[in-house]
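The lines below spell out each chain.
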Amino acid sequence: MDRMIEIRWHGRGGQGAKTAALILAEAALKEGKYVQAFPEYGPERMGAPMQSFTRISEVPIKLHSHITNPSAVVVLDSTLLDMVDVTEGLPEEGIILVNTSRTSPQVREKLNFNRGKVYTVDATSISLSALERNLPNIPMLGALIKATNLLKIETAVISIKEKMGKKFASRIIEGNVEALKRAYEEVKGE
Amino acid sequence: MARVVGLTGDEVAAEAIRQINPDVIAAYPITPQTEIVQRLSQFVADGLISAEMVRVESEHSAMSACVGASASGARAMTATSANGLALMWEIVYIAASLRLPIVMPVVNRALSGPINIHCDHSDSMGARDSGWIQLYSENCQEIYDNLIQAVVIAENKEVLLPVMVTLDGFVLSHAMERVEILEDEEVKNFVGEYKNPHSLLDLNNPVTYGPLDLYDYYFEHKRQQVEAMEKALRVIQGVGKQFAKISGRSYGLIEEYRLEDAELVVIALGSTAGTIKEAVDELREEGVKAGLLKIRCFRPFPGREINEALKKVEAVAILDRSASFGAEGGPVFLEVRSSLFEKTERIPIINYIYGLGGRDIKVEEIKGVYQTLQRIARTKRVEKRVDYLGVRE
Chain A
29 MDRMIEIRWH
39 GRGGQGAKTA
49 ALILAEAALK
59 EGKYVQAFPE
69 YGPERMGAPM
79 QSFTRISEVP
89 IKLHSHITNP
99 SAVVVLDSTL
109 LDMVDVTEGL
119 PEEGIILVNT
129 SRTSPQVREK
139 LNFNRGKVYT
149 VDATSISLSA
159 LERNLPNIPM
169 LGALIKATNL
179 LKIETAVISI
189 KEKMGKKFAS
199 RIIEGNVEAL
209 KRAYEEVKGE
Chain B
-7 MARVVGLTGD
3 EVAAEAIRQI
13 NPDVIAAYPI
23 TPQTEIVQRL
33 SQFVADGLIS
43 AEMVRVESEH
53 SAMSACVGAS
63 ASGARAMTAT
73 SANGLALMWE
83 IVYIAASLRL
93 PIVMPVVNRA
103 LSGPINIHCD
113 HSDSMGARDS
123 GWIQLYSENC
133 QEIYDNLIQA
143 VVIAENKEVL
153 LPVMVTLDGF
163 VLSHAMERVE
173 ILEDEEVKNF
183 VGEYKNPHSL
193 LDLNNPVTYG
203 PLDLYDYYFE
213 HKRQQVEAME
223 KALRVIQGVG
233 KQFAKISGRS
243 YGLIEEYRLE
253 DAELVVIALG
263 STAGTIKEAV
273 DELREEGVKA
283 GLLKIRCFRP
293 FPGREINEAL
303 KKVEAVAILD
313 RSASFGAEGG
323 PVFLEVRSSL
333 FEKTERIPII
343 NYIYGLGGRD
353 IKVEEIKGVY
363 QTLQRIARTK
373 RVEKRVDYLG
383 VRE
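Quick mapping for you: the protein sequence lines, in order, are chains A and B. When the letters of the first sequence are read in order and numbered with the numbering used here, they come out as residues 29 to 218. When the letters of the second sequence are read in order and numbered with the numbering used here, they come out as residues -7 to 385.
Extracted from the complex, chain B is given alone in its bound form (with noise of 0.2 angstroms):
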C-alpha cells in the first residue's frame, strides 16, 4: 500500500535513492550541491541505507567514484546540479562510454555567469550528447517515479547506459507537494538486485575498462553506444508499462494533454508541463482545441511517437528553458523542428525561450503562445520563428 506524504523535491529524490539503497554513493557539497545529498548522508548516518558514502573532494570525483563502483559491480549513484554538474563534465562522459548505468538525479539550475541559483535547463541540456539516457519531471510524483524506473532501464543488458533524473530547481526541488510513496519492499523487488555482466571484480572473466582505444575501434565503441540508446526506446517504454503494475501510474516516452484533437499544440518538458495544462484546461473551456505534448525522455529522443502525436494539427509552439547561442533556436526546437522535417505536410512551428535563470512563467503567458499559435494557423504565416517569453527588453 502507498503511502501519501508531502515531500518536496529534494526530500522525495532521497527517500527513491533510499529505498532503491544503492551501494555507493558519492558527493561533494558544492554550492549549487542539493538537499538530496545532505539527506542521503543523513540516511546513512542513521543506518537506515547500507550504501558506502564516499566523501570526494570535487564532483569529478563523485562522479569518477561512481565509475569506479560501477564498473566493480556496485549499484553507483550521485546527485548534481548547475556548475556541479560542469565540473564533472569529463567523466559524465565517460560513464556513458564505460556504459555504466549509474543513475543520478540532476536539479536543473542556470549556469553561471552572471552567477544564478535558479531553474532552467541549461545544465542538463548542455549535456544531451553525453550519452546519457535524460528523462524530465513535471512534479515531485515523476521525480520519486522516474528515478525508481532509471534503475531498471539503465540496467537492462540491452541498455547499460547511465541515467539523469532531471527535476527543475526550486519549482520542484524546493517545493513540497502530495506524493505516494511506495513500501519498501515493492521497491526493492522492482529493482532487483544489480549484477554487473562486465565486472573488474570478476576474477573468473577478467575485463578492462577504459584501455587506449584509437582508430582501431574506437569508432565502432560509439556506433555500440547509439545503438544502445536506440534499444533504449523500448526498454524506457516497457519498464513504464511495468511500473504502471506496482504503482498505478503509467510512463510513456512522451505524454500526451488532451492532444487527441487537439489544432494547437505547445511542447515542453519539466515542471513548465504542468503549467501549461492549465492553460489548456481553461483555453478548451473557452472552445479552443488547445493540446500539450510533454516530452518526458529526450534521450533518446522519441522522434518518432512525435510525428505521430502530432498528425492532426495546425500549429506547433516549442517551450525551450535554456538558450543554445548561435543555433537557430533551443534544444528542444532543433530537435522536433528536424523530426518533422520527413513530414508530407509541413506544419507551421515555432520556438520560445522562457524562463531563463528561474524566472516565472505564467498561465497567461502561455495562453498568449496559444492566441499566436491561433493566428499562424488562420493565416498560415510565420512572422517570428524564435521569440522570447516573459523577457523584459
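Okay, chain A solo, but in the shape it has when bound (with noise of 0.2 angstroms):
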C-alpha cells in the first residue's frame, strides 16, 4: 500500500455514500490504519447528486484539505456519469469503479477514460436482490475492497455489523453483507 490512499464516493443523497466512507474507514481502522473520513460540505437532499471521502495511511494523516487527486473513484448512480465529470483529478494510474451492468470497456468509451484501470460491478441488482431495494453503498465497499485490495471482506463485515446493528434488523445487516460479498465476487475490471 502506498503512503496514503484517497478514495472519493460519487451518489445520490440517500444511497448511502457517506456512510460507506465511514465503514471503510472504520474497517481499515481496524487493519491499524489511520483514517479520514468525511462527507461533501454541502446541503444533502435525497437524490442530488453528491460526495463523499475516505483517507486511508499506514502513518498518521495531518493533512486537512479536499481530496481533489483521488486515488480511487466510486461511482454509485451510473446516471451521475452524464452529470458530473467522475474522473476529475484522477492520476495516471487511477482506479474507477462504476455501478452499472455495463461492461469496462462500454464505461472507457462512455468516459472517454483511456488511463487507469476501470472496473465495473452491478450492485444495484445485487442490492434488490439481497435486500429488495436499490441501497448500492455496501456491494460498492465490497467490489472496492476486491479492486483496490485495501483490506481484508472479513473486517468489512465487522465493521458493517457494527455500524448498522444498532439501527437495524438482522434480516437487513445479513442482506447488506450477502451484497458486500456478491459484488466482492462479481467485480469485473482492466
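Honestly, the hints are just simulated from the structure, not real lab data. Do not rely on the hints blindly, as some may be mistaken.
[Said to hold, decoys possible] Computed Cβ-Cβ distance ranges for the label pairs, DEER-style:
(1) V112(A) - V374(B): 42 to 48 angstroms
(2) E356(B) - E213(A): 36 to 42 angstroms
(3) R199(A) - Y380(B): 52 to 58 angstroms
(4) A37(B) - P133(A): 53 to 59 angstroms
(5) E356(B) - L156(A): 26 to 32 angstroms
(6) S50(B) - V112(A): 39 to 45 angstroms
(7) E177(B) - A197(A): 32 to 38 angstroms
(8) A197(A) - K237(B): 43 to 49 angstroms
(9) L193(B) - A197(A): 45 to 51 angstroms
Cβ atoms here follow ideal geometry from the backbone N, Cα and C, with glycine treated the same way.
Given two chains presented individually in distinct reference frames, assemble the corresponding complex, making use of the accompanying hints.
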C-alpha cells in the first residue's frame, strides 16, 4: 500500500455514499491504519448528486484539505456519469469503479477515459436481490475492496455489523453482508 | 488502557463531555447548533450521564443557564457555533467577569451574512476579548484532549475563568478520524470533583454575583480578570504536562514543528496546522528549512513563548482564518507582530487571510507561502504585508 490512499465516492443523497465512506474508514482503522472520512460539505438532499471521501494511511494523517486527486473513485449511480465529471483529478494509474450493468470497455468509452483501471459491478441488481431495495453503497464497498485490495473483506463485515447493528434488523444486516460478498466476487475490470 | 475508535469532531467532543460528566448541560438546538448537543441529549435520555439537561429557548439563555448553574456550584457546559455564539455574546462576557469555569466547545464557522455554515474563525476570534481562555484544536484527538484539560484549567483556583475549546467546522466537526479514548475512570480522576469556592448555595458563606459595580470597584475587578489570564499561562502548561501522564500526549501553549533549525516559519492555528505540517515535510525533503509554529492557546496569548521560538528565523508568515475589517491584518497577525516588536532584530513578517467561509486550503498553496518567505529572506524586502490566500479576485 502507498503511504496514503484517497477515495472519492459519488452518489445521490440517500444511497449511502457517506455511510460507505465511514464504514471503509472504520474497517481500515481495525486493521491498524490511520483514517479520515467526511462527506461533501454541502446541503444533503435526497436524490441530489453528492460526494464523500475516505483517506487511509499507514502513518498519521495530518492533512485537512479536500481530496482533489483521489487514488480511486467509486460511482454509486451510473446516471451521474452524464452529469458529473467523475474522473476529475484521477491520476494516470487511478481506479474508477462504477455501479452499472455495462462492461468496463463500455464505461471507458462513455467516459472517454483511457488511463488507469476501470471496474464495473451491477450493485443495483445485487442490492435488489439481497435487500429488495436499491442500496448500492455496501455492495460497492465490497467491489472496491476487491479492486484495490485495501483490506480484508472479513474486516468490512465486522464493521458493517457494528455500524448497522444499532439501527437495523438482523435481516437487513445479513442482506448487506451478502451484497458485500457478492459484489466482491462479481466485480470485473481492466 | 486507551480505546482506539473512529469518531467525528462532534462525536469526540460529546464523548469527552460524557466522560467529564458535568452536572448541568444547557443548550438550544438553533441552526447552526452542532451534533455535539444532539449526542449529549441522547446520552442523558439513555441514562449514560447524570447531567441535568436544560433545554432553553435561545443560546443567550443557554449561557445564562450555565452562569446560574456554575455560580451555584455545578459544573456546567454547553456547546455552540458561529451565530449561536454571537447570540450568547452578552452572557459570554458575564460568565468570564463572574469568574465561572464554564467549558464550551465552539465549532468554528463563519458568521452571517451572507449565510454560510462552513469553517472560519470569525466567531471565536470575535470573542477574543471576552475574557474566555481559548484553546484551538488541530485534529479530532486534540478536541478530546483539550476538552478534558479545559475543565482542570478553568477550575484551577488561580484561574477560575471559562474556556472555549474550538474545532474547525466541517473540516473536523464532520470528519471521522482515529482517536484514542481514555477510560471513563481515568478522565473522572483527572478532572476531579468541582468545588466552587464561592457557591451561591453555601448558606454559611453568603456571596453575591453580578451586583452593580460602578467606578468604585469595576476597574479592580477587570484588573483581576487580566491577572487571572496571566496566571492561566502557567496553569495551562502544567495541566498539559499532567495530561501526558495519563495519555502519553503532552501539550504546551504552542507547538513547534520542525522549528529547531527552521529559517522560514508559518504561524497558524486549528486544523490548517496539520496541512502545513504536510507542506513542511515535503519542503524539508527538498532541502528547504521550513517550520511551523502552531498556536494552541490564543487566549491568554503566549507572546513570550512565541518570541523564544522565533529566535533564529529569517522570515515569518501568519495565516489568519478571519478578517478584522479595517485593521492592519488579521487578529493572529496583529497579536504576533505586536509581540515581536520588542525584538532588537526585526524579522520580516507577512500576513495571509485564508479559508473564509470554508474555502479549502491546499498543501500547494502553503508551499507557495514558503516560496514567498524564501524571496523575502533573500531580498530582505516585504512587498505586500497583508495578502489573501486562495481568494479568486
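Right, here's what the structure says about each hint:
1. V112(A) - V374(B): 42 to 48 angstroms: holds (43 angstroms)
2. E356(B) - E213(A): 36 to 42 angstroms: The hinted range 36 to 42 angstroms holds for E356(B) and E213(A), with Cβ atoms some 40 angstroms apart.
3. R199(A) - Y380(B): 52 to 58 angstroms: Between R199(A) and Y380(B), where Cβ atoms are some 55 angstroms apart, the hint holds.
4. A37(B) - P133(A): 53 to 59 angstroms: This hint holds: roughly 54 angstroms between Cβ atoms.
5. E356(B) - L156(A): 26 to 32 angstroms: 44 angstroms Cβ-Cβ, so the 26 to 32 angstroms window is violated.
6. S50(B) - V112(A): 39 to 45 angstroms: Given about 40 angstroms between the Cβ atoms, the range holds.
7. E177(B) - A197(A): 32 to 38 angstroms: holds (35 angstroms)
8. A197(A) - K237(B): 43 to 49 angstroms: With a Cβ separation near 45 angstroms, A197(A) and K237(B) satisfy 43 to 49 angstroms, so the hint holds.
9. L193(B) - A197(A): 45 to 51 angstroms: holds (49 angstroms)
Hint 5 from the list above is the single one not met by this structure.
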